[in-house]
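Can you make the complete structure from the sequences, with help from the hints?
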Amino acid sequence: MSATGQPGSSYHHGDLPAALVRATLEIVAECGVHGFSVAEAARRTGVSPAAPYRHFADRNTLLAAAADTIAHQLQAACREAAAAARRPEDRLAAVATAYVRSAARFQSCFDLLMDAELRSYRPELRESTRSLVDLQLPSALALAEPQSAVALLEALRCLSRGYAALLLDGSFGPPMEVCESVAERAGRAARSLASGYACQDQAKSH
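Just so you know, we're using my numbering here: the sequence shown kicks off at 4 and counts up by one.
Everything labelled a hint here was simulated from the structure, so no lab data went into it. Even glycine gets a Cβ: it sits at the ideal position worked out from N, Cα and C. Hints may contain errors.
Cβ pair distances, simulated, as ranges [claimed, not checked]:
(1) 203 with 20: 24 to 30 Å
(2) 183 with 57: 23 to 29 Å
(3) 86 with 168: 42 to 48 Å
(4) 203 with 108: 31 to 37 Å
(5) 38 with 149: 22 to 28 Å
(6) 199 with 119: 26 to 32 Å
(7) 187 with 136: 43 to 49 Å
(8) 83 with 157: 33 to 39 Å
(9) 130 with 52: 43 to 49 Å
Printed below as a string of structure tokens:
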């Protein structure tokens, strides 16, 4: 329910688990992970404080379900970006750019993906990282030998997460104001990194 007593945007209409996840994301976006409570999610969804526990064992289980939603949205954004690029290095750059843009869009909700504790509550969260690796692996293998391709993917993961973290903590300025420029810088850095690994392996082969 909203503050006025009317059903809010998360009112469940028969699908309480999904509504609770939506409410969780709303609260985390507004108050951060530490400001989230199951009781507030229940209030916004228009149900009793005990109702969420019929579907989610505890606070972290609900947060993990919300993190899974963010993970799927991130994967979709990265897949779409990669599909629009033609060359391997451009696909890798596009994924890095999409990753940083998504971090800016999710804001505090992105912290859910970085919370290692939540992965123990929802194994699917571990798969989300693997899915991004699988998405980029063909492009990396097109540029470098297998061992170098694995190292490239590890470096790209660190690069994308690093830019995202620095963007969200305000190191570059107000996140939404600088989002596009930072995302583009991440993409350029990823492209340079990919090209460097490709050149390195080409030099070894001669």
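Checked hints:
{"no.": "1", "hint": "203 with 20: 24 to 30 Å", "result": "violated, 48 Å"}
{"no.": "2", "hint": "183 with 57: 23 to 29 Å", "result": "violated, 43 Å"}
{"no.": "3", "hint": "86 with 168: 42 to 48 Å", "result": "violated, 26 Å"}
{"no.": "4", "hint": "203 with 108: 31 to 37 Å", "result": "holds, 34 Å"}
{"no.": "5", "hint": "38 with 149: 22 to 28 Å", "result": "violated, 45 Å"}
{"no.": "6", "hint": "199 with 119: 26 to 32 Å", "result": "holds, 30 Å"}
{"no.": "7", "hint": "187 with 136: 43 to 49 Å", "result": "violated, 23 Å"}
{"no.": "8", "hint": "83 with 157: 33 to 39 Å", "result": "violated, 24 Å"}
{"no.": "9", "hint": "130 with 52: 43 to 49 Å", "result": "violated, 32 Å"}
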